[in-house]
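Here is what each chain is made of, one letter per residue.
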Amino acid sequence: MSRGNPTSSSLTPTDDALIAAIRSGDERALAHLYRLHWPMVSHFVLQNSGSEDDAQDVYQEGVMVFYEKVRDGSLELSCQIKTYLYAVCRRLWLKRLTSKSRFGVRLLDDEEHGPYLNTGAEEDVLAAEEQDRRFATMSEALNHLGEPCRSLLEGFYLHDKSMQDLTAEFGYTNADNAKNQKYKCLVRLKKLFFTHYKEEPI
Amino acid sequence: MMTEADYYALFEAYSHGELAGSARASLEARLAADPDFALRYADFNELTGTLRAYRQRQQTRAQLRGIHAAMLAAEAPAEAPVAEKTSPLTHSVNPMLRISRTERKLREFWNGHRATVGVAASVAVMAVFATLLGLDIWRSSKVQAPASIQWMRREINNLKQNQRAINRTIRRIDGTAVVPPINNGKFGGTGFALTSEGYLVTSYHVIKEADSLLVEGRDRQRYRAEPVYSDKAHDLAILRITDKRFTGFGRLPYTFKAGQADLGERVFTLGYPREDVVYGEGSLSARSGFEGDTAAYQISIPVNPGNSGGPLLDAQGNLIGVINARQNDLEGTSFATKSSYLVRLVDSLRNTQPATPYRLPKSNQLTGAARPQQLKKLQDYVFVVKVFEN
Numbered sequence: 042m043s044r045g046n047p048t049s050s051s052l053t054p055t056d057d058a059l060i061a062a063i064r065s066g067d068e069r070a071l072a073h074l075y076r077l078h079w080p081m082v083s084h085f086v087l088q089n090s091g092s093e094d095d096a097q098d099v100y101q102e103g104v105m106v107f108y109e110k111v112r113d114g115s116l117e118l119s120c121q122i123k124t125y126l127y128a129v130c131r132r133l134w135l136k137r138l139t140s141k142s143r144f145g146v147r148l149l150d151d152e153e154h155g156p157y158l159n160t161g162a163e164e165d166v167l168a169a170e171e172q173d174r175r176f177a178t179m180s181e182a183l184n185h186l187g188e189p190c191r192s193l194l195e196g197f198y199l200h201d202k203s204m205q206d207l208t209a210e211f212g213y214t215n216a217d218n219a220k221n222q223k224y225k226c227l228v229r230l231k232k233l234f235f236t237h238y239k240e241e242p243i
Numbered sequence: 430m431m432t433e434a435d436y437y438a439l440f441e442a443y444s445h446g447e448l449a450g451s452a453r454a455s456l457e458a459r460l461a462a463d464p465d466f467a468l469r470y471a472d473f474n475e476l477t478g479t480l481r482a483y484r485q486r487q488q489t490r491a492q493l494r495g496i497h498a499a500m501l502a503a504e505a506p507a508e509a510p511v512a513e514k515t516s517p518l519t520h521s522v523n524p525m526l527r528i529s530r531t532e533r534k535l536r537e538f539w540n541g542h543r544a545t546v547g548v549a550a551s552v553a554v555m556a557v558f559a560t561l562l563g564l565d566i567w568r569s570s571k572v573q574a575p576a577s578i579q580w581m582r583r584e585i586n587n588l589k590q591n592q593r594a595i596n597r598t599i600r601r602i603d604g605t606a607v608v609p610p611i612n613n614g615k616f617g618g619t620g621f622a623l624t625s626e627g628y629l630v631t632s633y634h635v636i637k638e639a640d641s642l643l644v645e646g647r648d649r650q651r652y653r654a655e656p657v658y659s660d661k662a663h664d665l666a667i668l669r670i671t672d673k674r675f676t677g678f679g680r681l682p683y684t685f686k687a688g689q690a691d692l693g694e695r696v697f698t699l700g701y702p703r704e705d706v707v708y709g710e711g712s713l714s715a716r717s718g719f720e721g722d723t724a725a726y727q728i729s730i731p732v733n734p735g736n737s738g739g740p741l742l743d744a745q746g747n748l749i750g751v752i753n754a755r756q757n758d759l760e761g762t763s764f765a766t767k768s769s770y771l772v773r774l775v776d777s778l779r780n781t782q783p784a785t786p787y788r789l790p791k792s793n794q795l796t797g798a799a800r801p802q803q804l805k806k807l808q809d810y811v812f813v814v815k816v817f818e819n
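Taken in order, these protein sequences are the chains called H and A. So the first sequence is numbered by my numbering: it starts at 42 and just counts up by one. So the second sequence is numbered by my numbering: it starts at 430 and just counts up by one.
Since the hints were made in silico from the structure, they are not lab data. Quick reminder that beta carbons are idealized off the backbone N, C-alpha and C, glycines included. Just so you know, not all the hints are guaranteed correct.
Where chain H lies over chain A, by a calculated footprint (3+ residues, C-beta under 8 Å) [said to hold, decoys possible]:
id	segment
1	470-477
2	497-503
3	679-691
4	797-805
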C-alpha cells in the first residue's frame, strides 16, 4: 500500500486486478470494491452534515460512475481507485450540499485521502450528470408515450423480453405485426425524446 | 415510399447483422451519400443506445442496492471479521466504529444540525442573561423610587479648590507673597445662632464626620467652633464658637417656638446653598416629615445642598424648625426638624452644668416687620458651617 508514500499515484496491482475482474462482469469483485470503500465515503458524508441515507445515495452514484466507466473501458485512472472514488463522491456531495444550503459550503476533508484534485473525477461527474439528464428525459418520454407503446418498448428494451413473448402478451396476430407496432412506437418515442432532450440545454 | 417505421425495421436488421449482402451494400452506400438518411440512422442508434444504457443503469442500481443490503446484513452479526476475510484483494480498510442504532441517529442529528443548535444555544444564553439583567434593572429602578431622602449638605466643589490651588502656585512662582494654603473644607451647611453667647444650631449630618469646624458670617468673619452636643435621632447639632476673638452675637432678633406650628403657615428660610446667602419661601405643607416622622415638618420651600441647618421661621419671626433634607422623587418636598425638639434639647442641656449657660432669646424683633426688614435683621445670625475632614 502507498500509505507510507502518499504522493504515489500509480495503480496498485490489486487495483488493476479489481478493475479487470469488474470489467469481466464479476459481481463478487464489484461487491468487494463496494464494501471496501464504503466506510471512507460514509465517514466523509456523515462528517459533512449528511445522514446515513445521504451517504448511501452518494456512494452508489459514485460507484455507478466508476462502474460504468469500467464497463465502457473508458476509465483512465491516474490514481488509486480509493482516491478516485473519494474525489467523485466528494464532488457529488458538494453539489448536493450547495443545492440545499443557503450558505457557502466548506467541506471537512480527511487528509489521508491525499490529492483528490486532478483525478479526472470532475469531468467524469459532469459526464455522468449529462447521462443522468438523458435518462431522466428518456423516462419522461416513455411516460408520455402512452399504452401500449410504453409497455411494448419497456418490455423489449428494459425487461429484455423476446418478440415472441411480447406478441403473445399484447395479443398480436404474429411477430411481424408486433415488430411493426414496435417500430411505430420507436418513431413516436424518438420525437418525444429528442424534442424534450434538446429543449433543455444545460 | 418507405415510412420512418420501415426505416427503423431496416436499421434494426442492419445493426443486428441480419441484412443480406446486396441490401446491406445499398444501405451503406445510401448512408454515405445521403446526410439526412445518415442523421436518421444516428438518431435511431442514439435512441436505442440510450434505452439499452438506461436498462443497464437500472440493473446496476439494483445490483448496488443489493450489495449494500448484503453488506449491512453481513455487518449486523459480526462486523470486524468481514473486512478481514473478504478476499485476497484486501486493502487496508478504514476501521468501522461499532455504534448502536440510537447513537447513530443521534450522531446524524448532531452532524446535520450542529450549527443550528449552536446558534440556538447561544441565543438562548444571551436571552437568559438579557432577561435577568433587564429584570434586575427594572426591579432596582422600582425599589429605589419610593423611599429616599437627600441630606442638604453641600460638597465643596473640587474644581474650584483645584483652581485656587493653581492660582496660589502661580502666585508663589511669581515670588510675590507666600500665602499659606487655605483648606476650603469638604462639606458645607448652614447654621444659626442659638444664644447670644456663641451657641449655634445646625443639622447633625452636616458635622457628623467633622474634624474641625469653621463658621463664617455674612461679613466674612470666620470663627472656629466645636460641636457641643449631637442629636442623631432628630438630626440636630449644637456648636459653640471657641474663638478668642469672639465677643458675642448681641441680641437675637427671633424667638424659638416651643409648640407646634400650624398647617398652611407661611414660612421662610435663609441659607447658604452657594457662596452668598439665599432666601427661600413657602408654606408648611404637612405636620409630619419623611415616612410619617412626627419630629419634622414638610415644607414647600425648594431647598438645595447647603441649605441644611438653616433656620425655618414663620411670618411673625418665630423659629419653628431646622431645614435638613428633601425627598428625591417628589417635587417641592423638603423637611425641617421641629423647633420643639430643639427647645427640649436645650432644656435638657441646661441641666448638665455647661461652661456657658444657655439663655434663649425672649423677645422677638421681627414681628410685624416687612419681609426685607426681617431678613436684614436675620441675616447677621445665619452662618456658613464649613466642615473639615482629614
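Evaluated hints:
no. : hint    : in the structure
1   : 470-477 : holds (count 4)
2   : 497-503 : holds (count 3)
3   : 679-691 : violated (count 0)
4   : 797-805 : violated (count 0)
The structure is inconsistent with the numbered hints 3, 4, although it conforms to all the rest.
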